[in-house]
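Chain order of the listed sequences is A and B. First residue of the first sequence? That's 253 in our numbering, and the numbers climb one at a time after it. First residue of the second sequence? That's 28 in our numbering, and the numbers climb one at a time after it.
Bear in mind the hints are in silico, worked out from the structure with no lab data behind them. The beta carbon of each residue, even a glycine, is placed where N, CA and C say it ideally should be. Keep in mind that a hint or two might mislead.
Stated by the list, open to error - Derived contacts from chain A toward chain B, CB cut-off under 7 angstroms, selection only:
| no. | residue |
| --- | --- |
| 1 | Gly295 |
| 2 | Asp353 |
| 3 | Ala358 |
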Amino acid sequence: AQSVTQLDSQVPVFEEAPVELRCNYSSSVSVYLFWYVQYPNQGLQLLLKYLSGSTLVESINGFEAEFNKSQTSFHLRKPSVHISDTAEYFCAVSRPYNNNDMRFGAGTRLTVKP
Amino acid sequence: ETGVTQSPTHLIKTRGQQVTLRCSSQSGHNTVSWYQQALGQGPQFIFQYYREEENGRGNFPPRFSGLQFPNYSSELNVNALELDDSALYLCASSLPTSENTGELFFGEGSRLTVL
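Sequences are here, hints too, so could you generate the full structure?
If you want it as structure tokens, here you go:
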């Protein structure tokens with residue numbers, strides 16, 4: 253089965269600074285990869301996903317992630333964060349065409365300070 | 028388009044009791060997955076329902092059971108509640124397989140507290 257490790261449980265940064273949230277996965281087969289964001293007292297919202305093709309994927313609010321097969325990583329980056337980016341971020345992995353066992357990491361709490 | 032809705036949003040039970048949580052899937056979605064998210068942790072897969080049948084199950088005991096109805100809504104039932112069952116229970120729906128790009132669409136969850 254596939255699994256995900258998020259290497260940082262908490263990442264504090266100052267507003268307008270760059271940030272990287274790290275994610276490594278383990279799987280014996282090809283995978284789909286996802287980043288979800290969770291704001292307080294809410295469910296999870298999809299931020300971006302990698303299915304196939306270009307290894308660099310972007311979200312509408314300035315985040316990007318790069319699929320690196322050799323390093324089995326899918327790190328999330330943003331060149332300049334805002335206070336509103338403060339949230340919990342979850343990396344997830346599933347098998348292609350089959351999300352009946354999507355596995356999530358333990359989460360990274362991003363706190364953006366003024 | 029109506030998103031995934033869950034009820035109740037909060038509830039408190041005592042050890043040994045039983046609980047039923049409900050989920051309405053997003054319009055056009057025929058698959059529902061349930062996750063348990065303990066405080067400070069990532070969501071853990073409980074099970075998935077597709078066409079009213081269980082279609083995959085995580086490492087949860089049989090006292091966690093579910094149903095899916097013809098309109099694709101779903102229930103999660105937990106019997107003999109334990110203190111460790113206290114968590115946010117998330118329901119997620121997804122598109123039919125032929126259109127499925129893997130994305131799960133989550134509701135806002137039902138927060139269960141077991142005393």
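How the hints compare with the structure:
1. Gly295: holds, 4 angstroms
2. Asp353: With a minimum Cβ separation of about 5 angstroms from chain B (threshold 7 angstroms), the hint on A:Asp353 holds.
3. Ala358: holds, 5 angstroms
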